[in-house]
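Produce the complete structure using the sequences and hints provided.
In case you want the letters, here they are:
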Amino acid sequence: MPATDTPPVMLFRDVAKVYPLPAGDVHALDGVSFQVDRGEFISIMGPSGSGKSTLLNMMGCLDTPTSGDIYISGTHVRDMSDTELTRLRRDRIGFIFQYFNLFPLLNIIENVTFPMMLKSQKEVNPERGKEVLRAVQLEERLFTHTPTELSGGQQQRVAIARALINNPDILLCDEPTGNLDTKTGAGIMELMTDLNRKGTTIIIVTHDPTVAEYTDRTIRIVDGRIAV
Amino acid sequence: MSSIFWEIAKRNIRVHFLRSSLAMLGIVIGVVAIASMGILGNSMVSQVSDSLSKVGDIVTVYPYTGGGGGFGGGSSSDNMKITDQQFQQIKRVVAPSVAIPVLSTSERMKVGVGGDDIFATVYGIDPKYNQDLDLELTSGGFNNANSGCIVGSVFAEDNKIKVGSRIAMGTDGGKGALRVTGIIKEQGMSLGGISTDNAIIATESWFDNTYNRNDYDEIVVKVKKGQDTADVKTIIEKQLNKRDKIVSVMDSKAMLDTLNSAFGSVTTFVTAIGGISMIVAGVSIFNIMMMSVNERIKEIGIMRSIGTQKKEVMSMFIYEATIIGVIGSVVGGILSLLAGYAISALMLQTTKYLFTVATAVSVAEGVGFGIVVCLACGLYPAWQAANLNPIDALRHE
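If you read the protein sequences in the order shown, they are chains A and B. Residue numbering for the first sequence follows my numbering, beginning at 1434 and increasing consecutively. Residue numbering for the second sequence follows my numbering, beginning at 1318 and increasing consecutively.
Because the hints were derived from the structure by calculation, they are not lab data. Watch out, some of these pointers could steer you wrong.
Derived CB-CB ranges, DEER-like [stated by the list, open to error]: (1) B/Arg-1331 <-> A/Gly-1457: 45 to 55 Å; (2) A/Pro-1642 <-> B/Val-1689: 53 to 63 Å; (3) A/Arg-1630 <-> B/Leu-1342: 52 to 62 Å; (4) A/Glu-1560 <-> B/Arg-1331: 24 to 34 Å; (5) B/Leu-1652 <-> A/Gly-1611: 38 to 48 Å; (6) A/Asp-1515 <-> B/Phe-1672: 45 to 55 Å; (7) A/Ser-1584 <-> B/Asn-1611: 23 to 33 Å; (8) A/Asp-1515 <-> B/Arg-1331: 46 to 56 Å.
Counterexamples of contact, computed for chain A against chain B with all Cβ distances above 10 Å [stated by the list, open to error]: (9) Pro-1441; (10) Ser-1481; (11) Gly-1482; (12) Arg-1511; (13) Glu-1543; (14) Leu-1575; (15) Phe-1576; (16) Arg-1650.
As the structure is a prediction and not an experimental result, all values here were calculated from the model. All C-beta atoms, glycine included, are put in the ideal place defined by N, C-alpha and C.
Okay, structure coming up:
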């Protein structure tokens, strides 16, 4: 249930992104405004080239808008330095990618605790990593394996655990089931639903309507604008 | 915190073991080239300094011949001599240092019956100066009698001369005979003073009687402790060259310093040539670091997107370059000692100059240079990795 007494987890106000190209400016986003409240489970859908990826990069503080304002948990991200944006991503946002993107040189526990180490700037207790891995229902015997020894579904669970480890305000998911078979994808979506029920705010960027069905609300984006 | 990036750097080197080993090998070769050349150069300088240190306190006065000059003594032309009066002047101004008058000529002689004619330098020196000349004998004793002489070890060895051997001086022994009373220890290269290895030292009175000479060919001044060779040289020049230049004065210490400086320059030059191999190694490090960055663009993008700071990404690659640099350089340092040992043994026939502070400095320089080159060559790839656009990096396949 969205909370109303706290600032929205994410607020976009008239956000535009223009890519100047020799052939003419490309308006990837054009006056996008929306708000995500704490505890919401939202999907963002749209055809290819509609501006989904640009929007995702803005939400993840990987890119800055040409104009407009973005607030993450009440913090205005405009004019933030790269260091500050990186810190914001580390502390407030959890990323889940289509291709899992785990670090091949680290084992599962190390992968999951990696953002925690970034935050604490010291060695961390692996127990916290194990706790989160148990929460995403990964078998304990796999904790010391390397990512390549795991199936796609297991790797995505590890990626979810990694995204959750620093208790972020929001989980940003980019086609989280796009690289999984239907059954495994459904398992991942059930896990997401469960996490949302426990209070995690989740935004999923997808083109898959079955994924969108799990969410409470869908924002449709067409030609860089939010479709009404 | 940095431990996870250190760990990743270590594991990446392990995963690409062959590639990393080859880069390390380049550094090993570079360090060995630099450090072993340094060791060899230092050993050469030490050896030369050692063999010349005895003459470091000698000032030699020659008659002025109108230019030229150079290392070594040798006889001057007949009309260019140092008179007894000039010798007395020198003796007075250099006191308490000892001025030793030396007569010399080149003479034909024959050793034993039926031997071939040979040539050698013959010195005429009063035996009372033997001690001041620091002459050491390997066998026999000093010559006190007029018909006695001492000979240099190289001369003795080449002509199979022993204590007691008789040398017929002049053509067909026309200038009498000398009996060898002692063999002088090998002196090596000479900077001023007298060069004894291939010479005969007879008494001054025998020389006078035989060649009817009263003027001297050179004056060797053995500078006492507490006096500076450069000062002694200046005093002599001031005293004797007041009006016209009549003597040339050679300060062996200054020449020794010049020689050492020249050896130092040669060492630097040779070491610099060794440095070329280090540059090649550096290029190889740069290359593998760039490969490492290019292979891990996506990984860098993920790291950056989940909150890794630029400096942390940079540190990961610098750690990688450091590990390669430190291992390569340390192994190179150890091998350069072995190489220095082998080269010294082969080229200088001795390894006694190996375990010195100068060797340690050469090895430390080589190792330090190796690490610095690795770091410098890892810096740009690391900077490039840190400054990748996270969005582009994430899209990279």
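Tested hints:
no.	hint	in the structure
1	B/Arg-1331 <-> A/Gly-1457: 45 to 55 Å	holds, 50 Å
2	A/Pro-1642 <-> B/Val-1689: 53 to 63 Å	holds, 59 Å
3	A/Arg-1630 <-> B/Leu-1342: 52 to 62 Å	holds, 58 Å
4	A/Glu-1560 <-> B/Arg-1331: 24 to 34 Å	holds, 27 Å
5	B/Leu-1652 <-> A/Gly-1611: 38 to 48 Å	violated, 53 Å
6	A/Asp-1515 <-> B/Phe-1672: 45 to 55 Å	holds, 53 Å
7	A/Ser-1584 <-> B/Asn-1611: 23 to 33 Å	holds, 29 Å
8	A/Asp-1515 <-> B/Arg-1331: 46 to 56 Å	violated, 31 Å
9	Pro-1441	holds, 22 Å
10	Ser-1481	holds, 14 Å
11	Gly-1482	holds, 15 Å
12	Arg-1511	holds, 18 Å
13	Glu-1543	violated, 7 Å
14	Leu-1575	holds, 19 Å
15	Phe-1576	holds, 17 Å
16	Arg-1650	holds, 25 Å
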